[in-house]
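What follows is the residue order along each chain.
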Amino acid sequence: MTRRKLTQRIAMHLLLVPFLIFALFPFYHMALTSLKQNKELYDRNAVPLLITKGPTLEHYTKLLWDTAFLTWTKNSLLVTVLSTFVSLVIGTIAAYALSRLKFFAVGTLGTGIFVTYLVPTSLLFLPLAQVVNWLGLGDSKWALVVTYPTFLVPFCTWLLMGYFRTVPKEVEECAMVDGATRIQALWRIVLPIAVPGLVCAALFAFTLSWNEFIYALTFTSSSDQITASVGVTSELIRGDIYYWGSLMAGAVLASVPIVVLYVFFLDYYVSGLTAGAIK
Amino acid sequence: MKLPTADTINHHRTPGGPAGRHETDVPRHIAIWKFSKNAEPAKEFIRYLLGKREVYDEYIMSADAFNLPVYEKLQDHPVLKTDPKYAGLKAEGVQYHCYGWPAPPSDKVQLITNSFIMPNMIAKAVTGTPTKDAIVWAENEMKKIVAG
Amino acid sequence: MAIGRVGVAAVPARVSLRARVGNLLDREEWLGPVFVSPALFLLLLLVAYPFCMALYFSVSNAFIGRPSHFIGIRNFVNLWGSDAFRQTFQNAFVFTGAAVGFKLVLGLSLAMILNQPLWFKRLIRGAVLLPWVIPTALSTLGWWWMFNSLYSVVNWTGLALGLMDPPGPNWLGQRYYAMTAVVVVNIWRGLPFFVITILAGLVSIPRELYEAAEADGAGPVARFWHVTLPLLKPVLGIVVLFSTIFTFSDFNIVYVLTHGGPINSTHLFATLARQVGLETGRIGEGAAISLYLFPVLMIVVWAQLRFVRKQAY
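For the protein sequence lines, the chains are A, R and G, in the order given.
Under our numbering, the first residue of the first sequence is numbered 1, with each subsequent residue one higher.
Under our numbering, the first residue of the second sequence is numbered 1001, with each subsequent residue one higher.
Under our numbering, the first residue of the third sequence is numbered 2001, with each subsequent residue one higher.
Treat each hint with caution, since some may be false.
Said to hold, decoys possible - Think about it this way: if two alpha-carbon atoms lie no more than 27 Å apart in a straight line, the pair counts; the simulated DSSO-like pairs of lysine-lysine are: (1) R:Lys1124 x R:Lys1144; (2) A:Lys53 x R:Lys1124; (3) A:Lys39 x R:Lys1002; (4) R:Lys1037 x A:Lys74; (5) A:Lys53 x A:Lys74.
Since the hints were made in silico from the structure, they are not lab data.
Quick caveat: nothing in here was measured; it's all calculated off a predicted structure.
Same shape as in the complex, but just chain A (with noise of 0.2 Å):
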């Protein structure tokens, strides 16, 4: 390499450098916040980018064995899980009706779908508070489990299409020719292919639930209910004590999975967000 192109390339990394700050600052507060022991939490004179008294796990267990932080990542894990389990199967047929076959309306039914995606949930949880109510999920983690899918099935739905696009159709009409019905095109021909497209919408469905915030701050309330968001949020302020440590090591913990999955998943992740532009 030249070395004019070397030192672009290193003023490109330099340029780079207030962004990254900027991107990961936050983590590296929150967890050092997390690891500080109190004393040095408080203190107006210390110096708060290192921790200089020592490292300490008490704000760990103290939200592990004093508060129901285990109860609220079970919840969340569950409603998550079965949401996103329900939103692909519901979005992958939609989609493979879409993207694929002909028949009444399929324009319209197409856009529709895609702009529910549109409609905030900002707007929807006032009366969906009633609906829940009326089906007899008020103040229930099932609550959570119906309404996710309103959003993350028209998310999915519009990303598979783009996937089974992909997908050449004279693959199928093969496999149709050779004797198999549709449904049997679809699911050993069409959907093997489009693992990746599957396993990316499964990733996103996974990652908007967990994150959901309105919803589960609406339509659940008691301690053994809530997912972790909430909880952390509103459990680890007790009147007008703030926790700080164990606010911290909270969000790090209730963090855990969605960044577990990040790291071994992340060309998914960047595939997917790409996959609205362009297609």
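Take the given structure of chain A and dock chains R and G to it, following the hints.
Showing chains R and G alone in chain A's frame:
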């Protein structure tokens, strides 16, 4: 753990005026849902907590004067002597009302409370708005809410 | 059950129900609707119906636990008299305008940097995308601590670098600072979406166009203006439209950070609707507040369908 600020703050009741000292307090209701699974033990617990003087005293002492009720006969409670700073909490001659008095409690009063009109009025007054303007603002907002 | 099998020897006298259903499901006109109906049913019951309910609530005086009566547009009219609502209306546009504007400019810049040859590209992309992946409510907790009035690390850094006078601003307790804080958190959270999407758009621009422009004597700025921007327009359109609707209807950041802010200065429609509709119990008024999101939603949907989506389904 005591922060340095602790030495420079204290308690004071709502200021009194020519018509006396008026404050709000939240009326406490204790009720058991009809569909409770443990109604009898709950009733026993309430009789135990509120029926015996020693238990009730323990309940007040353990909350560091936070839930001292507004009964006249309890205003000289020993909990106020556990910390010199609680002396300012002694409520002599205070008249207690529900939110919105003299208006009857209603959803309009609830909206005024939930919209934080009073705290916002004070916040405006201490951040630059002239006090009279802040009061007029709060009055207008409340009038609009009460009008419906 | 097979299509295309020639020369069936004998037709059974009565076709079993299973075979008949199987035959039906093999035809597009039947399979299509069957496959789409679960999604349709779900969305009709839990999106379309609640939306109509919201419309009904907003023209009634619904209150939690009481029967409701039709009152016409009185909710909408009364809202304009409320200072909190007028402030919210202004906040929503300021918040969305500032946040989307910054995200666009910063996103474009960062995407262009990432489009250059770099080392550790995968690691850098991973780091850039991280704020979008972590649950918003939890990462906002981190920012809440960072902006804390006594222990803010932002203030500490500003004081250490000499940029601020002690004790540094009370970010979440003063009007314009609170709005700044909320906008900053929204930018932090939404930037990855812009960056990754615009990057995908940049990558798809063929190099020959740049080389041709360079051969014609265009400098870097001219190349950007005449080659990059026009070809990025569809991608920018999509990203801005999506971001507008999601920023306008944001709830998590404002609720966790300021709960509506010092003297309503950071209230958005979502948080005010929750305060009036759920915490106070006035569902009619709360629904009316939420419905103010609808015109913006309509504009975004129309713009998306008209200018951006070129494919017909």
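Hint-by-hint comparison with the structure:
1. Taking the CA atoms of Lys1124 of chain R and Lys1144 of chain R, the gap is about 19 Å. The hint holds against a cut of 27 Å.
2. Between the alpha carbons of Lys53 of chain A and Lys1124 of chain R the distance comes to roughly 41 Å, so the proposed pair goes past 27 Å and is violated.
3. Restraint check for Lys39 of chain A and Lys1002 of chain R: the C-alpha separation of about 10 Å stays at or below 27 Å, so the hint holds.
4. For the hint linking Lys1037 of chain R to Lys74 of chain A, the alpha-carbon distance of about 25 Å falls within 27 Å, and the restraint holds.
5. A threshold of 27 Å between alpha carbons decides the hint, and for Lys53 of chain A with Lys74 of chain A the separation of about 34 Å lies outside it, so the pair is violated.
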